[in-house]
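K.L.:
Spelled out from the first residue to the last, the chains are:
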Amino acid sequence: MAKQIRIALRNCGVIDPERIEDYIARDGYMALATVLTELTPEAVIEILKKSGLRGRGGGGFPAGLKWEITRKVQADQKYVVCNADEGDPGAFMDRSILEGDPHSVLEAMTINGYCTGASKGLIYIRAEYPLAVERLKTAMAQSREMGLLGENILGTGFNFDIDIRYGAGAFVCGEETALIHSMEGLRGEPTVKPPFPSVEGYLKKPTNVNNVETFANVPVILNKGWEWFASIGTERSKGTKVFALAGKINNVGLVEVPMGTTLREVIFEIGGGIQHGREFKAAQTGGPSGGCLTKKHLDTPIDYDNLIAAGSMMGSGGLIVMDEDDCMVAIAKFYLEFTVEESCGKCSPCRIGNKRLHEILGKITQGNGTMEDIDKLRNLGTVIKDTSLCGLGQSSPNPVLSTLDNFYDEYMEHVKDKKCRSKVCKSLMQYLIIADKCIGCTLCARNCPVNAISGERKQAHFIDQEKCIKCGACMEKCKFNAIIIN
Amino acid sequence: MAKIKLSEKKIQELKDVCKTFNNDKGELINVLHKAQSLSGYLPAEVQEVIAKELNVSVAHVYGVVTFYSFFTMQPKGIHPVSICLGTACYVRGAEKVLEEFKRQLKIQVGETTPDGKFSLSCLRCVGACGLAPVVMVGEKVFGRVAPDGVADIIAEYNT
Chain P
1 MAKQIRIALR NCGVIDPERI EDYIARDGYM ALATVLTELT PEAVIEILKK
51 SGLRGRGGGG FPAGLKWEIT RKVQADQKYV VCNADEGDPG AFMDRSILEG
101 DPHSVLEAMT INGYCTGASK GLIYIRAEYP LAVERLKTAM AQSREMGLLG
151 ENILGTGFNF DIDIRYGAGA FVCGEETALI HSMEGLRGEP TVKPPFPSVE
201 GYLKKPTNVN NVETFANVPV ILNKGWEWFA SIGTERSKGT KVFALAGKIN
251 NVGLVEVPMG TTLREVIFEI GGGIQHGREF KAAQTGGPSG GCLTKKHLDT
301 PIDYDNLIAA GSMMGSGGLI VMDEDDCMVA IAKFYLEFTV EESCGKCSPC
351 RIGNKRLHEI LGKITQGNGT MEDIDKLRNL GTVIKDTSLC GLGQSSPNPV
401 LSTLDNFYDE YMEHVKDKKC RSKVCKSLMQ YLIIADKCIG CTLCARNCPV
451 NAISGERKQA HFIDQEKCIK CGACMEKCKF NAIIIN
Chain Y
1001 MAKIKLSEKK IQELKDVCKT FNNDKGELIN VLHKAQSLSG YLPAEVQEVI
1051 AKELNVSVAH VYGVVTFYSF FTMQPKGIHP VSICLGTACY VRGAEKVLEE
1101 FKRQLKIQVG ETTPDGKFSL SCLRCVGACG LAPVVMVGEK VFGRVAPDGV
1151 ADIIAEYNT
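Sequences listed follow chains P and Y, in order. Those letters in the first sequence? Residues 1 to 486, per the working numbering, in order. Those letters in the second sequence? Residues 1001 to 1159, per the working numbering, in order.
One or more hints might be untrue.
Anything over 12 Å on all C-beta distances counts as not near chain P; from chain Y, calculated [stated by the list, open to error]: (1) 1019; (2) 1038; (3) 1039; (4) 1075; (5) 1078; (6) 1130; (7) 1137; (8) 1142.
Calculated pairs, DSS-like style, for lysine-lysine (alpha carbon to alpha carbon, straight line, at most 25 Å) [said to hold, decoys possible]: (9) 137(P) with 1140(Y); (10) 1019(Y) with 423(P); (11) 477(P) with 1106(Y); (12) 120(P) with 72(P); (13) 479(P) with 1096(Y); (14) 137(P) with 1019(Y); (15) 416(P) with 376(P); (16) 205(P) with 193(P); (17) 470(P) with 1106(Y); (18) 477(P) with 1015(Y); (19) 470(P) with 1096(Y); (20) 1096(Y) with 419(P); (21) 1106(Y) with 1140(Y); (22) 363(P) with 423(P); (23) 423(P) with 1096(Y); (24) 120(P) with 1025(Y); (25) 1096(Y) with 467(P); (26) 1096(Y) with 355(P); (27) 477(P) with 1096(Y); (28) 1052(Y) with 1096(Y); (29) 1009(Y) with 137(P); (30) 1025(Y) with 137(P); (31) 1076(Y) with 1015(Y); (32) 1102(Y) with 426(P); (33) 1102(Y) with 346(P); (34) 1015(Y) with 205(P); (35) 1106(Y) with 426(P); (36) 467(P) with 1106(Y); (37) 1096(Y) with 1076(Y); (38) 1096(Y) with 363(P); (39) 1009(Y) with 1034(Y); (40) 120(P) with 1019(Y).
By construction, these hints were calculated from the structure, which means they are not laboratory data. Glycine included, each C-beta is placed from N, C-alpha and C at the ideal position.
If we strip away everything but chain P, and leave its shape as in the complex, we get:
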């Protein structure tokens, strides 16, 4: 664990998230007090800009710059929004921060309100996170009671209050314009940018949208200084990033490492390597918008720019490890299925294009793919990226394009040899009984849900391939290893 530096997760698991005193004892609300009594909004924004903090939700937009843009727009009312619509499957850092250290987000939002001139904050959170909602509500009540939230904060005359809005299970609502529409009680469909939310957002007012993890970094930067923060990380990506390690890895969970840590360090040193001593095959970053990194990327320092250069993206920090048992074509199809379901349907490249991509991948995994399909995947994928309205469509072909680049031979095997080396694509495999090993115990025949296995007692059995649904029940039950996958 030596490689880890905890900034965003500094208090998670250390303090009791339901006691504001615990947070204060760890320098909580000190940044807010300093900001309100000693610093001008411009000075705070300047510190953030110099720190090099970039948006942790995935885009990587410089946080200080966003705050500055929102500040400079003239309006009678502005809003601060915390994006807690953590929709990437396999990412749970925002949930951990909200459940383990809710005050850090509240403090940062209040500081943001002071800097941008907003008096109202909104947290847009997934309805699937009831505990996080409870903790936030408790935290908000405590801060109000102590004069850290609400009217006349710390006696300085500054007013700021926060409210919670619930998501309702739509991945696209992580996109900021879609999120804003959802908060307005509409369908969560994105709109063209510009105008950016910083200029025209919630209820047409300037709205500063930042992700949970971005906010959680802010109080520490103000307490310890931008020089300290900027000394961590790489040239263009400062600080740390929280990754959610999941999949076929020994140590599952959240890790926070300096930007520029290599994939090898994260997976093998911190993550303890691949389960059951198997071979590392790929790491998927950035969720359905990201791509797959392979062995050749193991020593690439992870930061925003390197991941994009490798055909993936940081995303919210989900990092799913795959081993040799995972078929990359099936994984690409899995992600496309997600995108097809979650596409809001507003723009046609995303709505129709992804559906076609998914169909082609289905064809390939069923053993009906042609070389022409491979070209189609590439062309269509590129067009969808170039022409979609929002970040969802612009990144949705990434899993396909990156697996095509990195695992081209696997696609070829599916198309030309009609083979799936990972034995995942059911249509491409056959369960067979080795006659020599089968003693005719009939266990497999009795367990077959579709009665596809026949044979006399004490004689070798046989699987009818026409009837077989490839459920694998026979192979699991066989005590003599007589059933194999061809």
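Let chain P serve as the given structure and place chain Y on it in line with the hints.
P.N.:
Structure of chain Y alone, referenced to chain P:
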């Protein structure tokens, strides 16, 4: 869908829900969350009441209800079974677990068993990836579920 008749009491409850949000159409999603927690689902009749109270068209309410996967127009079972199909669960075999639930309950995703006991749905990540594959029955989370553990889970609720 068959027309159902809402009781006067139910209609009043819905009106009260709308009122707690000041009949503000911007609060539609919050209203729907509350309404769904009252009846378990959002049939057309419930949407009509809400539309009238918030002064928006029924089409608008229907558009929002069908957009978000959290809202459902089908009544759920007494024990709603949700299988996480997030990536972490997927690579650890959630699909096989789902198949097993379908086979044993004899229903497809989105359906409810004829006796109203179980309904089956898929989830996109509950943020418990360390326990993958994850199955939720109601509020209870089952971690590291294997296909041959499915029967036990069903039996636990089938009394």
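K.L.:
Which of the listed hints are broken here?
P.N.:
6, 10, 18, 28, 29, 33, 34
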